[in-house]
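Undergrad: Each chain, letter by letter, is given below.
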Amino acid sequence: MNNKQLPIDGKGFLNNPQHRAVFFQIIALIAVILCAFYFANNMFDNIEKRGITTGFSFLDNTAGFGISQTLTNYDDGTSTYFDVFIVGLLNTLLVSILGIIFASILGLLVGIGRLSNNFLISKLSLIYIETFRNIPILLQILFWYNVVLAALPSPRQSMNYLDSVFLNNRGLLIPEPIFESGSSAILISFIIAVAAVFYLTRWSRKRHDKTGEEFPLIKVSLAILILAPTLVYFIVGQPISAVYPELKGFNFRGGLAIIPELLALLFALSIYTATYIAEAVRAGIEAVPKGQKEAAKALGLKDHIILSKVVLPQALRVIIPPVINQFLNLTKNSSLATAIGYPELVTLFSGTTLNQVGQAIEIILMTMAVYLTISIVISLLLNWVNAKMAIKGR
Amino acid sequence: MATYTMKEAKPAPSGSKGIIFWLKTNLFSDVRNSLLSLVGLYLIYLTIPPLLNWMIFDATWSGTQDEVVNSGARWIFIIEKFDQFIYGFYPEHLHWRPNLVAMLCVAFLIALKVLKNNKSKIVLMLLFPFVCFILISGGWFGLETVETEKWGGLMLTILVAAVGIIASFPIGIVLALGRQSDMPILRTLCIGFIEFVRGVPLITILFMASVVLPLFFHDGIEFDKLLRALIGITLFQAAYIAEVVRGGLQAIPKGQYEASEALGLSYWQGMILIILPQALKISIPNLVGSFISLFKDTTLVLIIGLFDILAMVTLTNSDTNWLGYEVEGYVFVTLIYWVCCFTMSQYSKSIERKFNTEH
Numbered sequence: 217m218n219n220k221q222l223p224i225d226g227k228g229f230l231n232n233p234q235h236r237a238v239f240f241q242i243i244a245l246i247a248v249i250l251c252a253f254y255f256a257n258n259m260f261d262n263i264e265k266r267g268i269t270t271g272f273s274f275l276d277n278t279a280g281f282g283i284s285q286t287l288t289n290y291d292d293g294t295s296t297y298f299d300v301f302i303v304g305l306l307n308t309l310l311v312s313i314l315g316i317i318f319a320s321i322l323g324l325l326v327g328i329g330r331l332s333n334n335f336l337i338s339k340l341s342l343i344y345i346e347t348f349r350n351i352p353i354l355l356q357i358l359f360w361y362n363v364v365l366a367a368l369p370s371p372r373q374s375m376n377y378l379d380s381v382f383l384n385n386r387g388l389l390i391p392e393p394i395f396e397s398g399s400s401a402i403l404i405s406f407i408i409a410v411a412a413v414f415y416l417t418r419w420s421r422k423r424h425d426k427t428g429e430e431f432p433l434i435k436v437s438l439a440i441l442i443l444a445p446t447l448v449y450f451i452v453g454q455p456i457s458a459v460y461p462e463l464k465g466f467n468f469r470g471g472l473a474i475i476p477e478l479l480a481l482l483f484a485l486s487i488y489t490a491t492y493i494a495e496a497v498r499a500g501i502e503a504v505p506k507g508q509k510e511a512a513k514a515l516g517l518k519d520h521i522i523l524s525k526v527v528l529p530q531a532l533r534v535i536i537p538p539v540i541n542q543f544l545n546l547t548k549n550s551s552l553a554t555a556i557g558y559p560e561l562v563t564l565f566s567g568t569t570l571n572q573v574g575q576a577i578e579i580i581l582m583t584m585a586v587y588l589t590i591s592i593v594i595s596l597l598l599n600w601v602n603a604k605m606a607i608k609g610r
Numbered sequence: 011m012a013t014y015t016m017k018e019a020k021p022a023p024s025g026s027k028g029i030i031f032w033l034k035t036n037l038f039s040d041v042r043n044s045l046l047s048l049v050g051l052y053l054i055y056l057t058i059p060p061l062l063n064w065m066i067f068d069a070t071w072s073g074t075q076d077e078v079v080n081s082g083a084r085w086i087f088i089i090e091k092f093d094q095f096i097y098g099f100y101p102e103h104l105h106w107r108p109n110l111v112a113m114l115c116v117a118f119l120i121a122l123k124v125l126k127n128n129k130s131k132i133v134l135m136l137l138f139p140f141v142c143f144i145l146i147s148g149g150w151f152g153l154e155t156v157e158t159e160k161w162g163g164l165m166l167t168i169l170v171a172a173v174g175i176i177a178s179f180p181i182g183i184v185l186a187l188g189r190q191s192d193m194p195i196l197r198t199l200c201i202g203f204i205e206f207v208r209g210v211p212l213i214t215i216l217f218m219a220s221v222v223l224p225l226f227f228h229d230g231i232e233f234d235k236l237l238r239a240l241i242g243i244t245l246f247q248a249a250y251i252a253e254v255v256r257g258g259l260q261a262i263p264k265g266q267y268e269a270s271e272a273l274g275l276s277y278w279q280g281m282i283l284i285i286l287p288q289a290l291k292i293s294i295p296n297l298v299g300s301f302i303s304l305f306k307d308t309t310l311v312l313i314i315g316l317f318d319i320l321a322m323v324t325l326t327n328s329d330t331n332w333l334g335y336e337v338e339g340y341v342f343v344t345l346i347y348w349v350c351c352f353t354m355s356q357y358s359k360s361i362e363r364k365f366n367t368e369h
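Order-wise, the sequence lines are chains P and L.
Residues are numbered in my numbering as their position in the first sequence, beginning at 1, plus a constant of 216.
Residues are numbered in my numbering as their position in the second sequence, beginning at 1, plus a constant of 10.
Simulated from the structure, these hints should not be mistaken for laboratory data.
Remember, predicted model here, so these are calculated numbers, not experimental data.
Among the hints, erroneous ones may be present.
Distance ranges between label pairs, derived from CB positions [said to hold, decoys possible]:
1) L/L119 - P/T296: 55 to 65 Å
2) P/L528 - L/T158: 33 to 43 Å
3) L/F352 - P/N231: 49 to 59 Å
4) L/M193 - P/N262: 30 to 40 Å
Only some residues are given here: those of chain L computed to face chain P with a beta carbon under 8 Å [unchecked claim]:
5) T15
6) M193
7) L196
8) V222
9) W332
10) E336
11) V337
Just so you know, even glycine gets a beta-carbon here, dropped at the ideal spot from N, CA and C.
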């Protein structure tokens, strides 16, 4: 038997849970600070020993290298590293936004296909999902770039669609829109149309609350959004024209060229992310209890009204959070472009600039800060959406 | 008085069974469905026959390069370079060492199933990684040392994944407990770390580990490239494990915490004996999911210059005798990844079904 006398009164300082909590936290904080101090100390020593300059003054230096795709005015000779940073950031945003759009469309289609009554379509969607989400995204990017796009013909034998779209091993060429004077009127009319649709939505909702009458909101809004800019386009005198790409010698002139790196990245990112979005869509629609659909049917609602007023509002609450998370993942995965040399933030800044300047800490911190900002913005958006969609109980 | 006679059972109407009935209900029930089925069939026709032809019927399975006449895949490339895909540049006469480790892994898993004594299990678990490490790297007991630069191929991929999983697990659990604790400073530190790591792409963390980490230590302390990558991957994975475990912790009813306190258990006793076993059990499917993404993410080490199995595709194609075999290489690696990830995801789904007692 255990006859040892246990201390009953427990009056020691550390026997009080509150004291203990404070004590442990102080120890943890001291440990973290000591570690940080040790690392920082070594870091400054090493930096001094290796003769690396510190600070962000390198951003004003001339970069002096070419970039294959720039959205801003970038000049090989005079632009600074800060311009490089901006170019990389914009290219990251470009590929992310385009990828998000394509992945959403593909994911939505496949997710709905997965639930189809049609045996073939549902199994094909399943095969698509299980195939592409079990292959690493980097492998897919490399495959598209090194195998599929590298096998395309040279510019002279490029694939030709209607003499306006060309596909070859230097990329995809599409007609470039030219905005002449007066095209701003179209933009203004579009903005006015959006505002009108906004007020129309509020008005129709108010009317619905008051009288219960339905207003064909989607049809009318679409009509306004499409008709207004089109009308203005013809009234102002068709100010938008296009420059078609033309084969001159060994390469194309004119038109908008989409480099193969961007194509490979877009294909891989949207195909990969679409599998996750499809699963989210399927899970969301399946999460709506069967009784809801049956009840709506028993009330005599039409099929499309059941979908838009009963199923979708409940399914979206489940679908949207994971889908937004996938958007964030897609943005982070776009950094893998560095493996094929697409000029986005990591390639240009953590790659080329780091090699030329050598200030690893500042450069990697800046890169991380960009992604952190994007992910904070997206999680704020997610919180906002969650708060907006939360079921309002009484 | 009416008499009732038993009527003879009739066969079901011919239109309600058989292949034709199945086709009618599942593929051609109405016009829209029929159109969709035709599109689906066309898609299958477009992809499956050429793929099968390329991979199997028109493929070259043996012989030398000069004898290739078929238009399909030239698997002779994979057969020729098989050792490089699996072991990288690991010296050929030492290939028995990774093989032995692979067999030991199987033996280890069986031993964990068979052994009943918890203490011997823990001893085995602690000892096993060291045995594997010594076997692969050498330098002890008269084994020839093999530099980490020579490790590569599938061996390196599995090694990075295994170290990432094993090392990140305890760190992740501690971070999850820290995030759930009542101590504000500790909680803030854990949340800061987890959210920071989850907010940035793995590739920036790998860059950080390979470029910035050496600056943090004295000149005397050297990390080789592999170790730096492993540190980066472990920290990255720990943050994700922490979030998965937190999900499990939050699902445990408050009564369990209170009961463990009422029994007079200390914090760690309560956690280890009562809370964590339940929390980890319900998070197994998500843990497997996070392991799958780690396994896929190991491909990223090629960007910082390690030769995992994906890097081997480019490397084996730089052999001047074997140029232009990228397609075969990529397809081979794809198959390996796909089989591994698909098996793991099916395993996780089966566990989920086992735990799902809802009807």
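Undergrad: If a hint holds in the structure, say so; if it does not, say that too.
TA: Do the hints match the structure? See the list:
1. As the Cβ distance of L/L119 to P/T296 is approximately 57 Å, the hint placing it in 55 to 65 Å holds.
2. Restraint check, P/L528 to L/T158: a C-beta distance of roughly 54 Å breaks the suggested window 33 to 43 Å.
3. A hinted range of 49 to 59 Å holds for the C-beta pair L/F352 and P/N231, which are about 54 Å apart.
4. Taken as a hint, the range 30 to 40 Å holds for the pair L/M193 and P/N262, whose Cβ atoms sit roughly 34 Å apart.
5. With 8 Å as the threshold, the beta carbon of L/T15 stays out of range of chain P, its nearest partner Cβ sitting at about 40 Å, so the hint is violated.
6. Given hint, L/M193 at the interface with chain P, holds; its Cβ is 5 Å from that chain's nearest Cβ, closer than 8 Å.
7. The criterion of a C-beta within 8 Å of any C-beta in chain P is met by L/L196, whose closest approach is roughly 5 Å, and the hint holds.
8. Hint on L/V222 holds. Least Cβ distance to chain P is approximately 5 Å, under the 8 Å limit.
9. Nearest Cβ of chain P to the Cβ of L/W332: about 15 Å, over the 8 Å cut. The hint is violated.
10. Of the supplied interface hints, the one on L/E336 holds, with its beta-carbon coming within about 5 Å of a beta-carbon of chain P, less than 8 Å.
11. Proximity of L/V337 to chain P holds as hinted, the smallest CB-CB distance being about 5 Å (cut-off 8 Å).
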